[in-house]
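Numbering (the numbering used here), first residue to last: 13 to 751.
A hint or two may mislead.
Said to hold, decoys possible - Here are the in silico distance ranges between beta carbons for each label pair:
no.	residue 1	residue 2	range
1	Glu498	Gly187	36 to 42 Å
2	Glu498	Asp432	22 to 28 Å
3	Glu191	Ala455	17 to 23 Å
4	Ala398	Arg433	21 to 27 Å
5	Arg358	Gln88	38 to 44 Å
6	Asn369	Lys481	43 to 49 Å
7	His641	Arg708	49 to 55 Å
8	Glu62	Lys711	40 to 46 Å
9	Asn142	Thr645	38 to 44 Å
10	Ala398	Glu191	23 to 29 Å
Stated by the list, open to error - Restricting the straight-line Cα-Cα distance to at most 25 Å, the calculated cross-link-like pairs of lysine to any residue (SDA-like) are:
no.	residue 1	residue 2
11	Lys136	Thr75
12	Lys136	Arg433
13	Lys583	Ala180
14	Lys628	Glu663
15	Lys481	Ala454
The set of hints was computed from the structure by calculation and includes no laboratory data. Just so it is clear, CB atoms sit at the ideal spot from N, CA and C, and this is done for glycine as well.
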Amino acid sequence: MYLDAILNPLNEAQRAAVSAPLVPVLVLAGAGSGKTRVLTHRIAWLIQAEHASPYSILAVTFTNKAAGEMRGRVEQILGVPPGVLWIGTFHGIAHRLLRLHWREAGLTQGFQILDSDDQQRLVKRIIRANDLDESRWEPRDVAWFINSSKDEGRRPQDLKGGNDPTRAQMIRLYGLYEEACARAGVVDFAELLLRAYELWRDHPELLAHYRQRFRHVLVDEFQDTNAIQYAWLRLIAGPDGHPFVVGDDDQSVYRWRGARVENMQQFRRDYARAKLYRLEQNYRSTAAILMAANGLIAHNSGRLGKTLWTNGEPGLPIQLYAAFNERDEAEFVARRVADYVASGNRRSDIAVLYRSNAQSRAFEEAFIAGRIPYRVYGGLRFFERAEIKDALAYLRLLLNRDDDGAYERVVNLPTRGIGDRTVETLRDEARGAGISLWKAAAARSDVQQGGRTANSLRGFHRLVDRLAKETAGLPLHEQIDVVLKESGLIEHHGREKPSQDAARGETARNEARLENLAELVSAARSFAAESTDLELPPLDAFLAHAALESGERQSDAGEDSVQMMTLHMAKGLEFMYVFLCGMEEGLFPHQRSISDLEALEEERRLCYVGMTRAMKHLYLTHAEQRRLHGMDTHPAPSRFIKEVSRDIVAEVRPRASGARAVAAARLRREQPAAPAIRFRTEEPPPPGMRLGARVRHGKFGEGVVLNVEGSGPHARVQVNFEQQGTKWLMMQYANLEPV
DNA sequence: CGTGGGCGGATTTTT
DNA sequence: TCCGCCCACG
Numbered sequence: 013m014y015l016d017a018i019l020n021p022l023n024e025a026q027r028a029a030v031s032a033p034l035v036p037v038l039v040l041a042g043a044g045s046g047k048t049r050v051l052t053h054r055i056a057w058l059i060q061a062e063h064a065s066p067y068s069i070l071a072v073t074f075t076n077k078a079a080g081e082m083r084g085r086v087e088q089i090l091g092v093p094p095g096v097l098w099i100g101t102f103h104g105i106a107h108r109l110l111r112l113h114w115r116e117a118g119l120t121q122g123f124q125i126l127d128s129d130d131q132q133r134l135v136k137r138i139i140r141a142n143d144l145d146e147s148r149w150e151p152r153d154v155a156w157f158i159n160s161s162k163d164e165g166r167r168p169q170d171l172k173g174g175n176d177p178t179r180a181q182m183i184r185l186y187g188l189y190e191e192a193c194a195r196a197g198v199v200d201f202a203e204l205l206l207r208a209y210e211l212w213r214d215h216p217e218l219l220a221h222y223r224q225r226f227r228h229v230l231v232d233e234f235q236d237t238n239a240i241q242y243a244w245l246r247l248i249a250g251p252d253g254h255p256f257v258v259g260d261d262d263q264s265v266y267r268w269r270g271a272r273v274e275n276m277q278q279f280r281r282d283y284a285r286a287k288l289y290r291l292e293q294n295y296r297s298t299a300a301i302l303m304a305a306n307g308l309i310a311h312n313s314g315r316l317g318k319t320l321w322t323n324g325e326p327g328l329p330i331q332l333y334a335a336f337n338e339r340d341e342a343e344f345v346a347r348r349v350a351d352y353v354a355s356g357n358r359r360s361d362i363a364v365l366y367r368s369n370a371q372s373r374a375f376e377e378a379f380i381a382g383r384i385p386y387r388v389y390g391g392l393r394f395f396e397r398a399e400i401k402d403a404l405a406y407l408r409l410l411l412n413r414d415d416d417g418a419y420e421r422v423v424n425l426p427t428r429g430i431g432d433r434t435v436e437t438l439r440d441e442a443r444g445a446g447i448s449l450w451k452a453a454a455a456r457s458d459v460q461q462g463g464r465t466a467n468s469l470r471g472f473h474r475l476v477d478r479l480a481k482e483t484a485g486l487p488l489h490e491q492i493d494v495v496l497k498e499s500g501l502i503e504h505h506g507r508e509k510p511s512q513d514a515a516r517g518e519t520a521r522n523e524a525r526l527e528n529l530a531e532l533v534s535a536a537r538s539f540a541a542e543s544t545d546l547e548l549p550p551l552d553a554f555l556a557h558a559a560l561e562s563g564e565r566q567s568d569a570g571e572d573s574v575q576m577m578t579l580h581m582a583k584g585l586e587f588m589y590v591f592l593c594g595m596e597e598g599l600f601p602h603q604r605s606i607s608d609l610e611a612l613e614e615e616r617r618l619c620y621v622g623m624t625r626a627m628k629h630l631y632l633t634h635a636e637q638r639r640l641h642g643m644d645t646h647p648a649p650s651r652f653i654k655e656v657s658r659d660i661v662a663e664v665r666p667r668a669s670g671a672r673a674v675a676a677a678r679l680r681r682e683q684p685a686a687p688a689i690r691f692r693t694e695e696p697p698p699p700g701m702r703l704g705a706r707v708r709h710g711k712f713g714e715g716v717v718l719n720v721e722g723s724g725p726h727a728r729v730q731v732n733f734e735q736q737g738t739k740w741l742m743m744q745y746a747n748l749e750p751v
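Work out the full structure, taking the sequences as your base and the hints as a guide.
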């Protein structure tokens, strides 16, 4: 591929970023501005123009999906054989490093990965084992403390309790948790990152090797990095490196789980030579949608500053619907969806977005009533299902008998007469001797030859040993097949309950579980076929895969259906038509964020993310009455509605309230009000004052045109200044010059 | 050992 | 209101 071919498909800003010199680079990439394209083309550029070896490239993302897309596109552009480039998630890459250097990292060779559920169970066991009150020490809170400590790079010994007994206890539990993990040979997600960081930090020779190798480090969604991820990046890039990071501070919506937008500002401080590029041209949405989004996000402070613009259609104004209640809101959306579908649109081009999952219910009911196929995202994913985790627990035991979490999960599944009492004594014995449950039980059933429980335990151990022996050397999917059958798991779920006719629902659930187990076998088959990872035995690799890529959500795709999801899940996606629902104070912004400025600004960013998902039409809806936790509330419309310039909003019908609204909601076939949109319909905007143009003002400095009203000397422009924020100015007096 | 009723809590979620 | 979890009972 020639250099022209790399640069030609790009706009000027993208081209500048892609062909930037080998210095640290921060790309501020707005929503829909072609950020993935810039990353992939940058990689191509490094290889073609800078003659970088494909082996010298390390590209990091947050999700497997993003990593997969990036890898696909790079390999397509360059024709590089798969697997040469290190493209992966932070966790995936950390995992790979730890497998390669498990000894230096202080891990066991066959270490396994705990998902958050496994982690919480383990924390709970530790709390119980220490006779602590679970309501005082909630496993969720303790796990959160442990994870956020790790995210900050802190080990128990780095933490001080001070005068705070609660904190001191948390630190103690963190320490006990670490010991339990070490004993069982397991690591949680945060541990992967922290260990990978410590591995390099504490082994200069290793670090030197990898620095030499990965000369080119690229990072996607940089605004989502947490402290340890950023520290890790700085280690690998080194003081003289040139990391290429892409992010959007306006789309930072994961502060609550440790992401630090400040890393973007910090990056510029840490790398004084860093160059900043802005991608502001948007290829996704209409001008109306972008103006609404720009106007909203301008209310946030401390932004790096960026305004989206487009050469495309002005588009329809944002439609605002004030519903009577959540049912009316859902019925309105359902009617609009039906209209869109009737005029030939695909249902999958339509998205219903909301702040919290509970809101989906009303929409589901309306869609069912209207016979509109829909798909709700969220909920359990494949590898998180109970029956799948049971099966995985057996597989984990095959590799590592000391995995107490797995042991407890299946020691009595299917039931084999090993009750809570037995397990409890086992736990005590194991803890007393500082050994695993497996070892404790093995010691015991040897001693007490005769007892019934001892027999059961021995039976279980023999089963596991036998499965290990029988499956050794078999292809992966056959290994799993054998384990499923001989462990009794299949029979357990397949067992009919003949006596009860009423148990039909149960039969259906059982069937679904059996299907899932069958799916596990076929997932293993295709995993083995596709996996190029030769560094790990297949079963180890498959278990890591199951933990790190928990799989698709809800697989019953196929039929064209309306997409329903939370705003967080919608990040990174795009839809022709977007309904942003539940725009109410207390719901969005959420009650818990209203009194904290930082949290409130994050809610605003979330709203910005939601709005910028829409390509053609955007609806904002709110309800005047809503049932929340069983109580009727009368929430005020979200402040975010008011923060969108009124000029680009059209109310779907005149706001009604009270009794009138009841009738109106029932009777009115709502018609959109005459569009209130006033920008560039008849008259062209003043020269140089194109939407999104950069301008300079004598006093306020540089800014970007958000909005233009009228023409000639009476025209007014709304400008978002980098320093001063958003202002309306009269063309006549403002003396704006195009930049 | 499995189930039903009482109780408390109820953003957002990837890895 | 509704869901998930814990405990007591059969």
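Evaluation of the provided hints:
{"no.": "1", "hint": "Glu498 <-> Gly187: 36 to 42 Å", "verdict": "holds, 39 Å"}
{"no.": "2", "hint": "Glu498 <-> Asp432: 22 to 28 Å", "verdict": "holds, 25 Å"}
{"no.": "3", "hint": "Glu191 <-> Ala455: 17 to 23 Å", "verdict": "holds, 20 Å"}
{"no.": "4", "hint": "Ala398 <-> Arg433: 21 to 27 Å", "verdict": "holds, 23 Å"}
{"no.": "5", "hint": "Arg358 <-> Gln88: 38 to 44 Å", "verdict": "violated, 26 Å"}
{"no.": "6", "hint": "Asn369 <-> Lys481: 43 to 49 Å", "verdict": "holds, 45 Å"}
{"no.": "7", "hint": "His641 <-> Arg708: 49 to 55 Å", "verdict": "holds, 52 Å"}
{"no.": "8", "hint": "Glu62 <-> Lys711: 40 to 46 Å", "verdict": "holds, 43 Å"}
{"no.": "9", "hint": "Asn142 <-> Thr645: 38 to 44 Å", "verdict": "holds, 42 Å"}
{"no.": "10", "hint": "Ala398 <-> Glu191: 23 to 29 Å", "verdict": "holds, 28 Å"}
{"no.": "11", "hint": "Lys136 <-> Thr75", "verdict": "violated, 28 Å"}
{"no.": "12", "hint": "Lys136 <-> Arg433", "verdict": "holds, 17 Å"}
{"no.": "13", "hint": "Lys583 <-> Ala180", "verdict": "violated, 38 Å"}
{"no.": "14", "hint": "Lys628 <-> Glu663", "verdict": "holds, 17 Å"}
{"no.": "15", "hint": "Lys481 <-> Ala454", "verdict": "holds, 18 Å"}
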